[in-house]
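Novice: Below are the chains, spelled out letter by letter.
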Amino acid sequence: RKEVEQDPGPFNVPEGATVAFNCTYSNSASQSFFWYRQDCRKEPKLLMSVYSSGNEDGRFTAQLNRASQYISLLIRDSKLSDSATYLCVVPYKAAGNKLTFGGGTRVLVKP
Amino acid sequence: EAQVTQNPRYLITVTGKKLTVTCSQNMNHEYMSWYRQDPGLGLRQIYYSMNVEVTDKGDVPEGYKVSRKEKRNFPLILESPSPNQTSLYFCASSSNRDRRAYEQYFGPGTRLTVT
Chain R
1 RKEVEQDPGP
11 FNVPEGATVA
21 FNCTYSNSAS
31 QSFFWYRQDC
41 RKEPKLLMSV
51 YSSGNEDGRF
61 TAQLNRASQY
71 ISLLIRDSKL
81 SDSATYLCVV
91 PYKAAGNKLT
101 FGGGTRVLVK
111 P
Chain S
1 EAQVTQNPRY
11 LITVTGKKLT
21 VTCSQNMNHE
31 YMSWYRQDPG
41 LGLRQIYYSM
51 NVEVTDKGDV
61 PEGYKVSRKE
71 KRNFPLILES
81 PSPNQTSLYF
91 CASSSNRDRR
101 AYEQYFGPGT
111 RLTVT
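Chains R and S supply the protein sequences, listed in that same order. Residue numbers for the first sequence follow the numbering used here, beginning at 1 and rising by one. Residue numbers for the second sequence follow the numbering used here, beginning at 1 and rising by one.
This is chain R alone, in the form it adopts within the complex (with noise of 0.2 Å):
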């Protein structure tokens, strides 16, 4: 089982609507949780930082399941500038800021 997995997509969203997948993480140990943006062939963003059950900034929800060992990120009234790559992102503390990334899921907004 890989460290961290997505759904690759592409999730195609009509513009307005609510879009959500997950993330899902195999070291139980881990405690915060990142959710970064990336557009086409640019530079990683962090979008969101999750800490404990979850994490709210405008549109963006994220949400932490502790149990099943995934977050999730939910997107409301989806923007075409929300088209992008959307990487999970794990921290490893005991090797030293490493980040482990997901493969990434691609949400597409279309009009």
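Each computed DSS-like pair below joins lysine-lysine, with the alpha-carbon atoms no more than 27 Å apart:
{"hint": "1", "chain 1": "S", "residue 1": "LYS69", "chain 2": "S", "residue 2": "LYS57"}
{"hint": "2", "chain 1": "R", "residue 1": "LYS45", "chain 2": "S", "residue 2": "LYS65"}
{"hint": "3", "chain 1": "R", "residue 1": "LYS98", "chain 2": "S", "residue 2": "LYS71"}
Please keep in mind that the hints were generated in silico from the structure rather than gathered at the bench. Note that the coordinates shown come from a computational prediction; the quantities given were computed from them, not determined experimentally.
Use these hints to put chain S onto chain R, whose structure you have.
Specialist: Positioned in the frame of chain R, the structure of chain S alone reads:
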């Protein structure tokens, strides 16, 4: 403006010709790291540095070297590039303090092609 810069942004080279990709950050971050990104394989860590003069291997260090002589700079060296090192490379930095250690700032990327 807080940023991570990389140079060059694009490079086409031939097998065996030594090259260096520079990375510099202006945020006084202790931690710096290099990643490569390949289709279907995602982002993989090459080397990282927890602070000046401290470097360690990531997941795919073979064929690469790094140095950390100054806090702001973390160059990636390919002594004898091969075609399988054709990839998109990202440099990243973060603070070593608490949770900020995992909030990494990435450079714009260097697209390397080795023929």
